[in-house]
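Chains as they are written, first to last, in our numbering: chain H, -7 to 491; chain Z, 114 to 194; chain P, 73 to 326; chain W, 61 to 181.
Calculated directly from the structure, the hints in this document are not laboratory data.
Beta carbons are placed, not taken as given, at the ideal position from N, Cα and C, and that holds for glycine.
Possibly wrong hints are sitting among the right ones.
Ranges between beta-carbon positions, derived for each pair [unchecked claim]:
id	chain 1	residue 1	chain 2	residue 2	range
1	H	282	Z	128	46 to 54 angstroms
2	H	428	P	239	48 to 56 angstroms
3	P	239	H	483	52 to 60 angstroms
Quick list of in silico lysine-lysine cross-link-like pairs, DSSO-like style, CA-CA up to 27 angstroms [unchecked claim]:
id	chain 1	residue 1	chain 2	residue 2
4	P	74	H	160
5	H	368	H	277
6	Z	191	P	75
On the chain P side, residues computed to face chain W include the following (Cβ under 7 angstroms) [to be verified]:
id	residue
7	78
8	80
9	98
10	102
11	119
12	125
13	131
14	223
15	226
16	294
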Amino acid sequence: MNASFNHPVLIVVVPLLFAALCPIIGLIRRSLVVWLALFGTACTSFLALSLIGRVTPGNDLSYHLGGWEPPWGIEIRIDTFGLLMVCVISTLGILLVLYSWKYMERELPANRLSYYYTLLMLIYTAMLGFSITGDIFNMFVFMEIFAITSYALVAVTGEKRALRAAFKYLLMGATSSVCVLLAITFLYSVTGSLNMLDISNTLAELSPDYIRVALAALVFFITGFSVKAALFPVHVWLPEAHSIAPSPVSALLSALVIKMGVFGIFRILFTVYGPGFANETANWKSLNEVVAWAAALSILAGAAFAIAQKDLKLMIAYSSISHIGYIVLGICLLSYHGTAGGFYNVLAHAMGKASFFLVAGCFLYKKGFRRIEDLKGLGRSMPISSGAFALASLSVIGLPPSAGFIAKWNILWGCLDSRKYLFAGVVLLGSVLAAVYCLKVVYYLFFTGPRMRDTRIEEAPAAMYVPAALLSLGTLFFGIFSGLILPSLNSASRILMIR
Amino acid sequence: MNWTLNLVLLTFLVGTAFAMIMLKDLLAAAVVFSAYSLIMAIMWSQLRAPDLALTEAAVGAGVTTVLFVITIFRTVRKENR
Amino acid sequence: MKKLFVILALAALGVVLLWVVGKMPEMGDSRTPDKTHVVPRYIEDGVKEAGAENLITDVILNYRGYDTMGEVAVIFSALCAVIALLDREKRGVSRSAVDASQVRSSRIVRVTVRILFPVIFLFAVYLILHGENSAGGGFQGGAVIGASIIVFTLVFTLIESTRDIPLTLRVILESLSVLTFLAVGFIGVFKGVEFLTYILPGLSPGVAGALRSQVFMMSIEIAIGVAVGAIFTSIVFAMIKEENFELEPHIPEP
Amino acid sequence: MNWSRIFQNLNYAVSLLLFLMGLYTLAMKPNLIKKIMGLNILETSVFLFIVSIGMVDSGQAPVMAHGAAQQVVVNPIPQALILTGIVVAVSTTAVSLSLCIRIHQKYGSLDACEILGREVA
């Protein structure tokens, strides 16, 4: 068995195998399914993390499925950014499955639990496949898998408002998928290929007749993926869906699924089209500019709405819109610092926001608290969860020494690099607003309410607060040891800009 | 490819789609959806896609319509209710 | 007011799209980029390389088999989504709106369906097995199987249909297509070639190699067919059961 | 605008028309089942579009009969893609219709305005 040669595809195939096994094991013993899911995610993240040494900037790992060389068959192509996504997804996967173990037991009847874990494994499969594929139609297929599973996961509790939120999400999500399919159609009609690198080569010397069609495809791609990423004008589905879903699902959607939309935008703008697009860089650049403006508006609008919220999970959901704005802004600055910062924010926001939602889930689990004002004094009764929240909020605000700080610092640097001082102002203002909404919660947790510890309220089960605490420690870790990832992101982004 | 037949099929497609949008009775709209799918199946065979024609006839006109009808039976039949 | 606004916006979008489409390659032209860039190899060598006379089967199972694995996962996730939302039918007690309908299906319909059911099933099997060298294949056949069982359920009752197919078997059949894909892929992995490679090393390319490749493709086709049939059946069963009827005693048929 | 070209590409124009009709249904019709029908129109319009692109005049279906090597066939790729697309469409429809059933159980209505109006946070 040649495992190292087949390593890339195993990352996608192993979680799919576990997804298919979950219902069958569920027939035998329902309690085994969660262990199976844990084992599956552990295997996947082992595979993903062991890939780290093999991908270096400018040296992508390419794998041809079925042995067919690229323009004819499907190619898996792992670059530094894809590797980062894969590692984040699979590591967060273990923690979220662990968290679901206790949390979902209360939310769902036992016979539906095994299908919950199946959906969870399927969504991981889809996101992993989406991140590493080198073929645009394959991207669409995986996008559909994580779209369908995430609609179901939002509505899985059958709660009244959750159903409505899921339906709204479904309508917008399905429309955006059709937009992406239409874009693939346009692009295929003028390039005749589905492989990203092949398309990119064809686009570089596209006949002038077809430039209009290729640009229309670009616009449709960006529109479609913006809906998935919840950028400002099309973010309307996000707050409700993310706040009403069960907490582990909220964490999953906020930390990972919307990042897939961002990753799609990134792949289309840089890998498929790229700076060399048909000598028409003016159009490509102006579209980047437009997306950057939408991102800047997302930063401000998301943060402003988050301040106005009284519901904790709704506040966190709006904050996600703001952070998606940061990532997209960083990518569209066309400066390598910006791109590296944007991708560092993928990591920082995934950990920080997942920790936020998991802590919110702990509060919900113990006391059914949703409103921020109800959290008075919980900092003394549930010290670990509250501490995790405080630590993660450092990263969400962007204060040193947290991962969020490194990300925002690099995005700021990128703004100054490309002389977009207005965007630099937006980045700083967004951080100030984030400080307002995060510190409000921290204030309620620690500085109000009874002076004494309320012994009637205890911590949630360890399987719930440990993942949250680990994630917020992670933000600290990657803030201090940013040298582990940032240099390779920087050099990979630099290669991207030169090409 | 036969241009007349193509034109007729396209007209029918637009017509059935329009009827589907305008009908107030959802059950009737579901039946029109079935017709739409069948015309689409003929369209596929005109476009030399026999595999698609088979799939569309079984999935579009068969399974999807049945799903619509079941849902309408379990929920409401008139659009404005 | 809103209606007018939406119509105007859509009209504007339509004009822009028409402006884009006006520049697109002409329909029916055989020299457009999509027919000259990648496709010629499929048409010239597809039958020889990939082993099926139906080029579409070649593409979906061989050249782009990974996409089809994703597609199988899509429909599997749709099933899981429906069951996570609606739950499975309760066996032997579930009644549906169809079962409770005052209008009983007439004798003519019942007899016709009894006669047609095996024929439709046979046609589905033909489609699945013959997908290699004529139109048809796993999905098409599976959809027809699903449709035939659905028609049976609509004419007879949900109680009768669920009695005939044991649930354990159905759950296994639903995952079958994904598992078969993985099994075939892993055979390649264990032999040291890429995932979803059908022609394994140690086999002379030529007749034996083509035969092996055909065996793999055929087993995937059959698995897809059976699984898609089972999945459609399960989705429809989950959707038609009426929860209000669940606790009522089962009324035997006259 | 070149009208003769548009007439030549009539399939494209009609699929765009269907696309717009689907969008209209999604945006304007209050009934959720109607919206799902609109979604199906939207999806099939794109399917029609991409298969029309692969069409070749006087081409044959891409099934190579025994020995017939040198025949003109249409492009098989769009058809293979749309086979996937149809399955995706029916999957989305199944999930959305089961959501509809659940929504009707909880709200007693399938009218989007009513469901949004009934919200009391």
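Is the interface hint satisfied for residue 102(P)? The criterion is a beta-carbon contact with chain W at less than 7 angstroms.
Status holds, d = 5 angstroms.
Could you say whether the range 52 to 60 angstroms given as a hint is met by the Cβ separation of residue 239(P) and residue 483(H)?
For residue 239(P) and residue 483(H) the Cβ distance comes to about 55 angstroms; the hint holds.
With the threshold set at 27 angstroms, check whether the alpha-carbon distance from residue 191(Z) to residue 75(P) stays at or below it.
Given that 27 angstroms is the threshold and the Cα spacing comes to 21 angstroms, the pair holds.
Per-residue hint verdict: residue 226(P), partner chain W, C-beta under 7 angstroms:
violated, 16 angstroms
Keeping to a limit of 27 angstroms between CA atoms, is the pair of residue 74(P) and residue 160(H) held or broken?
holds, 19 angstroms
With a cut-off of 7 angstroms, does the beta carbon of residue 119(P) approach a beta carbon of chain W closely enough for the hint to hold?
holds, 5 angstroms
Does the hinted range 46 to 54 angstroms hold for residue 282(H) and residue 128(Z) at CB?
Given about 38 angstroms between the Cβ atoms, the range is violated.
For the hint on residue 80(P), does the least C-beta distance to chain W fall short of 7 angstroms?
Check failed: Cβ of residue 80(P) comes no nearer than 12 angstroms to chain W, outside 7 angstroms.
Tell me if the interface restraint on residue 125(P) is satisfied: Cβ within less than 7 angstroms of some Cβ in chain W.
With a minimum Cβ separation of about 5 angstroms from chain W (threshold 7 angstroms), the hint on residue 125(P) holds.
Status of the hint placing residue 78(P) at chain W (closest C-beta pair under 7 angstroms):
For residue 78(P), the interface hint holds, since the closest Cβ of chain W sits about 5 angstroms away, which is under 7 angstroms.
Interface hint check: residue 131(P), Cβ to nearest Cβ on chain W, cutoff 7 angstroms. Holds or violated?
holds, 4 angstroms
Cut-off 7 angstroms, beta-carbon criterion: hint that residue 294(P) touches chain W
violated, 17 angstroms
Consistency with the previously given hints fails for numbers 1, 5, 8, 14, 15 and 16, ordered from lowest to highest.
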